[in-house]
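A.B. asks: In case you want the letters, here they are:
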Amino acid sequence: MQAHQRFQVIDVPMAADAEATLPALVEAVKHALSNGRQAEIVERGEAARKAFAEGKARTRAAAALGWDASPISTARLCMELYATIRDLDWSLVASEGNVSNWPNRLWPIDKYHQWLGRSGGYGVGYGAPASVGAALANRDLGRFSVSIQSDGDLMYAPGVLWTAAKHKIPLLAVMHNNRAYHQEVMHVQRLSNFRNRPVNLGGDMGPVGTSIQNPDIEYHKLAESMGWWAKGPIKDPAQLGPALKEAARVVQAGQPALLNVWTQPR
Amino acid sequence: MMIGRWPFIVLFALAANAVGGGALAADGSAEKGKIAYVKHGCWQCHGFAAQGGIAGPKLAPDPMPLVALTSFVRNTRGAMPPYQDAILSNADLADIHAWLASLPKATDFRSIPLLNP
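Note that the protein sequences, when read in sequence, are chains A and B. If you use my numbering, the first sequence corresponds to residues 1 to 266, in order. If you use my numbering, the second sequence corresponds to residues 1001 to 1117, in order.
Hints listed in this document are in silico derivations from the structure and should not be mistaken for laboratory results. Keep in mind that a hint or two might mislead.
[Unchecked claim] BS3-like cross-link-like pairs, simulated, lysine-lysine; straight-line CA separation at most 30 Å: (1) A:K235 with B:K1032; (2) A:K111 with A:K168; (3) A:K56 with B:K1105; (4) A:K245 with A:K166; (5) B:K1039 with B:K1058; (6) B:K1105 with A:K50.
[To be verified] On the chain A side, residues computed to face chain B include the following (Cβ under 8 Å): (7) R60; (8) A61; (9) L65; (10) M79; (11) E80; (12) S100; (13) V185; (14) R190; (15) N196; (16) Q264.
Computed from a predicted structure; not experimentally measured. No residue lacks a Cβ here, since even glycine has one placed at the ideal position from N, Cα and C.
Let the sequences and hints guide you as you build the complete structure.
C.D. replies: The following block contains the structure:
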């Protein structure tokens, strides 16, 4: 407890970047190991690999549930997307949590630049501007930027779409459009239950003030109006793969593209 | 963790059923259950296809027995908010259960190319 959040006493002050130093550190540790220790690690590695493979099979089985559902399942969304980008030098430039973490669970992510990470706080409205910023950095490195763009998130700073078009920042924004500020949908349901009150749906699916329906926002038109190539709403999972391929070609030609996809809540 | 909780849920459910008499009889309507599942917000955390995800586990195919489901929904003190009968009737729960039980078996992931890259 005494040490909690205190700076630690250090022997060698060495401000360094993890990406640059970790490989060298791993090699140094391997070198310093005794032979007995090395054999132990090999054995442990085998057990871990087996457990990892079993875990992956369970995750894939979970992803198969609701595979053909409409609105489109978040697992399907993520795997159709992965099939589209897998042969490119891709970079996921937004959070992945709202889609049940499927990219982290199912995409092989083995390069530093393949995932930007999360906002660091509870980043409301973070996704769109963060994606455009990262896509700008990726553009000059020749990387293919892709974001899973939540609908509620896009309501905070939609003007960033114009910035991307204006500065010709290639970005494939695939919408996870569950037609709600869904975190709030669940929160209000939770609190209503605790107070033993039925939620007021007000003609929508989620509690009043949390849904983004009636009217449904045509995000593809919003994006188009700001200079993006855009298409939607896509509700049939069979149409998603072809639409993704079309959009990816636009992005490879140097433009931002958005697909408005109606999805399951999480 | 989930398996460890089962004996408790089932015992509790059996006790509740004995007190509640035939109120939990499994004669629900899948058709009405599909509507009740949406109206009561189960879809928010468990998905419209009851497929589950980060906000709640899958509920189907192969749902837990109605008595266990009822006991869980009424008494949970974990991550899911409980539903008392003031906001969700036993009849609606039986319908929801009937709908869950009517959902088809999952597709084998090995037969889905996108899940075998």
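A.B. asks: Indicate, hint by hint, whether the structure satisfies it.
C.D. replies: We went through each hint and held it up to the structure:
no., hint, in the structure
1, A:K235 with B:K1032, "holds (24 Å)"
2, A:K111 with A:K168, "holds (25 Å)"
3, A:K56 with B:K1105, "holds (20 Å)"
4, A:K245 with A:K166, "holds (23 Å)"
5, B:K1039 with B:K1058, "holds (18 Å)"
6, B:K1105 with A:K50, "holds (27 Å)"
7, R60, "holds (4 Å)"
8, A61, "holds (5 Å)"
9, L65, "holds (4 Å)"
10, M79, "holds (4 Å)"
11, E80, "holds (7 Å)"
12, S100, "holds (4 Å)"
13, V185, "holds (5 Å)"
14, R190, "holds (4 Å)"
15, N196, "holds (5 Å)"
16, Q264, "holds (5 Å)"
The structure fails none of the hints (numbered hints given earlier).
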